[in-house]
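Participant: Sequence:
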Amino acid sequence: MRKTTTLLAHNHLSTPFYAKIASYHKKSSKNQDLLTISHSERKGGIRSIVNPLTLAVVLLVSVLILGGCGFYYIGLSTTERFYYQTFYLRTYVNEWLSGSAEQKTTAPVEIKPLKVVPYKVVAGDTYWDIAKKTGLSMDTILSYNNPKDTFIVHPEDTLQIPIQNGILYKRTTTQETLEAISSKYDVTPQQIAYFNPNWEIASDLFLPGAYFSYNERLERLGAEFASPLNFLRITSIFGMRIHPITKKHSFHNGIDLSAGIGTTVYAAASGRVIAARAAHGYGNIIIISHGNQKFTRYAHLLNFSVKPGQRILRGQPIGRVGNTGISTGPHLHFEVWKRNRPINPIGSVDLYAKPRP
Numbered sequence: 194m195r196k197t198t199t200l201l202a203h204n205h206l207s208t209p210f211y212a213k214i215a216s217y218h219k220k221s222s223k224n225q226d227l228l229t230i231s232h233s234e235r236k237g238g239i240r241s242i243v244n245p246l247t248l249a250v251v252l253l254v255s256v257l258i259l260g261g262c263g264f265y266y267i268g269l270s271t272t273e274r275f276y277y278q279t280f281y282l283r284t285y286v287n288e289w290l291s292g293s294a295e296q297k298t299t300a301p302v303e304i305k306p307l308k309v310v311p312y313k314v315v316a317g318d319t320y321w322d323i324a325k326k327t328g329l330s331m332d333t334i335l336s337y338n339n340p341k342d343t344f345i346v347h348p349e350d351t352l353q354i355p356i357q358n359g360i361l362y363k364r365t366t367t368q369e370t371l372e373a374i375s376s377k378y379d380v381t382p383q384q385i386a387y388f389n390p391n392w393e394i395a396s397d398l399f400l401p402g403a404y405f406s407y408n409e410r411l412e413r414l415g416a417e418f419a420s421p422l423n424f425l426r427i428t429s430i431f432g433m434r435i436h437p438i439t440k441k442h443s444f445h446n447g448i449d450l451s452a453g454i455g456t457t458v459y460a461a462a463s464g465r466v467i468a469a470r471a472a473h474g475y476g477n478i479i480i481i482s483h484g485n486q487k488f489t490r491y492a493h494l495l496n497f498s499v500k501p502g503q504r505i506l507r508g509q510p511i512g513r514v515g516n517t518g519i520s521t522g523p524h525l526h527f528e529v530w531k532r533n534r535p536i537n538p539i540g541s542v543d544l545y546a547k548p549r550p
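Here the sequence shown is numbered in the working numbering, starting from 194 and rising by one per residue.
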C-alpha cells in the first residue's frame, strides 16, 4: 500500500479507524467553498472486480471489516458515533466496499459548518460546572461566549456551546492563511478547512481540538495568578462556612484544592519567598510576596523546595501537597492577599490553566 494522505485526525478522534484515506482540494459550487474528497487521487484500493472469485474475496473481507467496525462502534462516545455515521460510513466505507468509489471522481462532499447549540444557565451554574456538564474545555466555552467576567454566569443567560472541543479563533484579517493559523495551534490546515467550509472569507474559524496558549488564557481570563496545581478540584470555597473540624461558623480565607499527597505545587506568580515554615493550623506553609502588597499562601504542605529570601518564577515548583496542620485530608489550602486582606482567589487566579507557560 502506497502512502496516503490523512484528511482528518482530530485529537478527539485520532485513531487509525477514523483516518480519512483521501486527499482534499477546494472547488466552488454555487459560490460556496466546499471541501472535496477526490477518490481518483487516492492511491491503491479497489479499482475493479473482474471475476467471481475476486468478488467473493472482496465480499468476505467486507463482512469481516464491517463486523470489526460494529464491535468498535459499540465503544464509541456519542460525538464519535456522530462523525462515524455522518462522515466515515457515508463517504468512505460504502463507496470503497461497493466498488463505486472510482466512478465518483468528481462528486464533492459538502461539509457543513460545526453545529453550535444554546445552553440556558440555571441557578448555581459556574463556567466550570458547565464545562463538566458538557464535557468541553473551559477554552472552548470561553472562546464562544467571551464573558466580561469569566467567573460569573447569571441564571437565564444563554450560552453558545459547540458540539466538541476546540476554540473559536478571531482572524485579524482574511489574508491570514490556514497554514499560519495552524502553526500557532495543534491543528492542521485540513482540519480547519473541514470544519469551516467558508474559511476563505470567514473572520471566525473553529479550530477543532485546539486550546489557548498559556498567555492567551491568562489574557482572556483577566487573571493575575496562575493555578498552583496542574488540575482543578475545589472542595471548599472562599467565605463563611461551617468549619469541617470545629463545626463552627468561620471565615475561610482561601480555597481548598483536593490533590494526593506528594502532588507538585507551583508558584502562582513570580516573586520572593518570605516564609517557608511550620504554622499551627496551616501546617507547613509557604508565603510569597509578589510586590504591590500582593501575597499568596500555600498551606498543609508535605515539604518545601524553596527557602525564605529566594526569588522564584511563576510556575516554578515550590513544594508538595500534604496533610499537615489542622486538616481533614490531603489537599492544598491556597490564599491570595491584597493590601493585608484576603480576597477570593476565584476571580484573580487562572484556576483552569496549567501553572507552567
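To be clear, the hints were calculated from the coordinates, so they are not data collected in a lab.
Treat the numbers as computed from the prediction; the structure is a model and nothing was measured.
Keep in mind that a hint or two might mislead.
To be verified - Using C-beta positions, here's what the derived DEER-type ranges look like: (1) Gly453 / Thr370: 41 to 49 Å; (2) Arg470 / Lys326: 36 to 44 Å; (3) Thr428 / Ala472: 18 to 26 Å; (4) Arg504 / Ala316: 21 to 29 Å; (5) Thr351 / Arg426: 21 to 29 Å; (6) Gly453 / Asn339: 47 to 55 Å; (7) Val310 / Gln486: 16 to 24 Å.
Unchecked claim - Listed below are the simulated DSSO-like cross-link pairs for lysine-lysine, each with C-alpha atoms no more than 30 Å apart in a straight line: (8) Lys308 / Lys326; (9) Lys487 / Lys500; (10) Lys308 / Lys363; (11) Lys377 / Lys440; (12) Lys325 / Lys377; (13) Lys441 / Lys363; (14) Lys326 / Lys313; (15) Lys377 / Lys308; (16) Lys377 / Lys363; (17) Lys500 / Lys531; (18) Lys441 / Lys377; (19) Lys313 / Lys325; (20) Lys500 / Lys440; (21) Lys441 / Lys500; (22) Lys363 / Lys313; (23) Lys308 / Lys325; (24) Lys363 / Lys326.
From the three backbone atoms N, C-alpha and C, an ideal C-beta is built for every residue, glycine too.
Participant: Compare the structure with each hint and give your call.
Facilitator: Status of the hints after comparison with the structure:
1. Gly453 / Thr370: 41 to 49 Å: holds (45 Å)
2. Arg470 / Lys326: 36 to 44 Å: holds (42 Å)
3. Thr428 / Ala472: 18 to 26 Å: Since the Cβ atoms of Thr428 and Ala472 sit about 21 Å apart, the hinted range of 18 to 26 Å holds.
4. Arg504 / Ala316: 21 to 29 Å: Violated, at about 45 Å.
5. Thr351 / Arg426: 21 to 29 Å: Given range 21 to 29 Å: holds, Cβ gap about 28 Å.
6. Gly453 / Asn339: 47 to 55 Å: violated (35 Å)
7. Val310 / Gln486: 16 to 24 Å: With a Cβ separation near 45 Å, Val310 and Gln486 fall outside 16 to 24 Å, so the hint is violated.
8. Lys308 / Lys326: Holds, at about 18 Å.
9. Lys487 / Lys500: Holds: Lys487 and Lys500 sit about 19 Å apart, inside 30 Å.
10. Lys308 / Lys363: At roughly 18 Å apart (the allowed maximum being 30 Å), Lys363 and Lys308 satisfy the hint.
11. Lys377 / Lys440: With a Cα-Cα distance of about 51 Å, the restraint between Lys377 and Lys440 is violated, given a limit of 30 Å.
12. Lys325 / Lys377: Since the Cα atoms of Lys325 and Lys377 sit roughly 26 Å apart, the hinted pair holds (cutoff 30 Å).
13. Lys441 / Lys363: violated (50 Å)
14. Lys326 / Lys313: holds (12 Å)
15. Lys377 / Lys308: Satisfied, since the Cα-Cα distance of roughly 24 Å is no more than 30 Å.
16. Lys377 / Lys363: holds (13 Å)
17. Lys500 / Lys531: Holds, because 22 Å separates the two Cα atoms, which is no more than 30 Å.
18. Lys441 / Lys377: Answer violated: Lys441 to Lys377 is near 51 Å, above 30 Å.
19. Lys313 / Lys325: Status holds; Cα separation ~15 Å.
20. Lys500 / Lys440: Violated, at about 35 Å.
21. Lys441 / Lys500: Answer violated: Lys441 to Lys500 is near 35 Å, above 30 Å.
22. Lys363 / Lys313: Given that 30 Å is the threshold and the Cα spacing comes to 24 Å, the pair holds.
23. Lys308 / Lys325: holds (19 Å)
24. Lys363 / Lys326: Roughly 26 Å separates the two Cα atoms, so the pair holds.
Violated hints, listed in ascending order, are 4, 6, 7, 11, 13, 18, 20 and 21; each of the other numbered hints is respected by the structure.
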